[in-house]
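With the sequences and hints as input, model every part of the structure.
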Amino acid sequence: MGRTALILVAALGMVFGAIGLSIRGSTNHLVTAQTGYAKYSTARNLARMAVHMTLRAYDRNLSPIPTSGSLDGGTYTVAHTESGDTLWLTTKGIYADSTYTMNVKLLRTTKPFPGVNAAIGLRATPVSFSLSGKASVDGHNYDSTGTNLIGSGDLAGVATMNESDSTAVKNAGGTDITGVPAVNVDTTTIDPLASLDEYKSNADYSYNSGGVYNNVSWGSPSAPAIVYCNAGDDTSFSIKFAGNVVGYGILVVRGNVQFNGNFSFYGLVVVDGFNTTVQVGASGTPQIVGGVIVAGNAGASVTLKGTGTTGKVKYSSQALAKARNINKLRYYSIMEWYE
Amino acid sequence: MSSVLIDIVTSAVIFGVLALTVGRVQTNINATMYENQNDVVTQTNAVEFARQIEWDFAKIGHHESGQKVLLADSTEIRFRADLDNKLVVNTVQYIIGDTNQCAMTKNGDDFPIFRTQDGKAVKQNWGLTYFKITYYDNADKELSTPITSAVDLAKIHSINVAFRLESAEPVVTMQGATWAAVTWRKTIVPRNLGNLNY
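Going down the list, the protein sequences come from chains A and B.
At position 59 of the first sequence the residue is numbered 59 (the working numbering), and the sequence of numbers has no breaks.
In the working numbering, each number is its position in the second sequence, counted from 1, plus 339.
These are computed hints drawn from the structure, not numbers from a lab.
Here a beta-carbon is modelled for each residue, glycine too, at the ideal position from N, C-alpha and C.
Where hints are given, some of them may not hold.
When the alpha-carbon atoms are kept at most 35 Å apart in a straight line, the in silico DSBU-like pairs for lysine-lysine are as follows [to be verified]: (1) A:Lys92 <-> B:Lys445; (2) A:Lys170 <-> B:Lys425; (3) B:Lys480 <-> A:Lys92; (4) B:Lys462 <-> B:Lys494; (5) B:Lys480 <-> A:Lys105; (6) A:Lys240 <-> A:Lys312; (7) A:Lys105 <-> B:Lys494; (8) A:Lys200 <-> B:Lys494; (9) A:Lys200 <-> B:Lys445; (10) B:Lys445 <-> A:Lys105; (11) B:Lys445 <-> B:Lys462.
Over 12 Å on every C-beta distance to chain B, these chain A residues come out as not near it, computed from the model [said to hold, decoys possible]: (12) Ser22; (13) Ala79; (14) Asn141.
Here's what the structure looks like:
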């Protein structure tokens, strides 16, 4: 009896064991299929994230561009090459035992830019324009440093939206405005208002409170930056820069802003808002190389003061081209995408 | 002697009860395993088919400078893509069959799908009982099908694929016979369509 019972229990145990193994195998197969797809999807997401993160690294002028990283429990690698504005990325997302590869060819493209067909383009009309002191405006095309004339591509010193404003500017500037011609009417000047929000939100340097800021530098010739100076609409509320001030890229000015030291800005200066005064100081060689554009706020009042003898606004197509290529303001067109 | 007889009778009764219990358990386990197996097959098929769709559709238009999508209907799509990234552009077509072409299964609703690459068609019996492709333009507005003109085909920005797979054999449960089923839906934005920007 005892032996029989033992045999029965042993036989039953074996039967249940075999059944258990079979169920487990079936469940394992199901889990493997599902987790396999999850791992594959995660690896793919990592590869895509690697594309995004690499592009943002380009936007932020990171050097060197990161070539690997980890995220969400997985890792990714990036291989990148570029030629001119064409960019090749090969990203690999790795999660557990799954790997996903993407080969991407992108073209870095420039967003529409508020071009200025003069050293100073006045989009606002009517505009109150004042040029005082020794500030001068030159529409001849200089190189990106403002040192040498290129010899071609010369434009007007100041472009206005209508004859009435043109006459007012001629009277205000006199011989301090030069160019081909000194002043003209150009209704194609693009209103930069549509771009201001983007410049504001992408600004590398923001000044939103009054005060004196000494010895500042914004960007570099190879990595131009966006600067937003908002002194408000109250003209008594001013932002003052003193000492050596050097900037490259796009400078947005709203309100009363004074540059009292050695001021040099290379690129596009956008004057936004009413009653804006841009004053360049007496010392050094204050200059804006590139172009100035006044946004289309009706009745805008712009005063350009030069208290020294060498304050200049010089048109430079090269300086404007560099400002146009600020990485943050560029986008990427997909030429090829293989995954 | 009588005690030995009692032992034999008792052991026979216990054996009988155990045998019946094991038999009953075995029957239930078999049914569960059968159900599990159908689930496994259906879900594995769904995963494999989904991966195939993603693999193909993500490449639509790759290395094709001309018309990238040649035909777009709710149950059919024909497109051009360099599937292997070897500068050889392939023509790929997906089109569903009808239920008569899956007569070997007990499921009366399933139909095959034909994947044709460069003229070579492969009939795939995944157990599809529902398959629908929906097309959207770059404003996420649904495009009505069929789309045949090159101008309208060029408007395709994203493609939503939805399918339902069912098991080939019925699954018997306490509630009666049914089919193991998996539903999958995904919107794919082929990066080589529509001059996308990043």
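The hints, checked one at a time:
no. : hint                  : verdict
1   : A:Lys92 <-> B:Lys445  : 43 Å, violated
2   : A:Lys170 <-> B:Lys425 : 63 Å, violated
3   : B:Lys480 <-> A:Lys92  : 33 Å, holds
4   : B:Lys462 <-> B:Lys494 : 30 Å, holds
5   : B:Lys480 <-> A:Lys105 : 28 Å, holds
6   : A:Lys240 <-> A:Lys312 : 18 Å, holds
7   : A:Lys105 <-> B:Lys494 : 22 Å, holds
8   : A:Lys200 <-> B:Lys494 : 34 Å, holds
9   : A:Lys200 <-> B:Lys445 : 65 Å, violated
10  : B:Lys445 <-> A:Lys105 : 49 Å, violated
11  : B:Lys445 <-> B:Lys462 : 18 Å, holds
12  : Ser22                 : 6 Å, violated
13  : Ala79                 : 15 Å, holds
14  : Asn141                : 31 Å, holds
Hints 1, 2, 9, 10, 12 from the list above are not met by this structure, while the remaining hints are.
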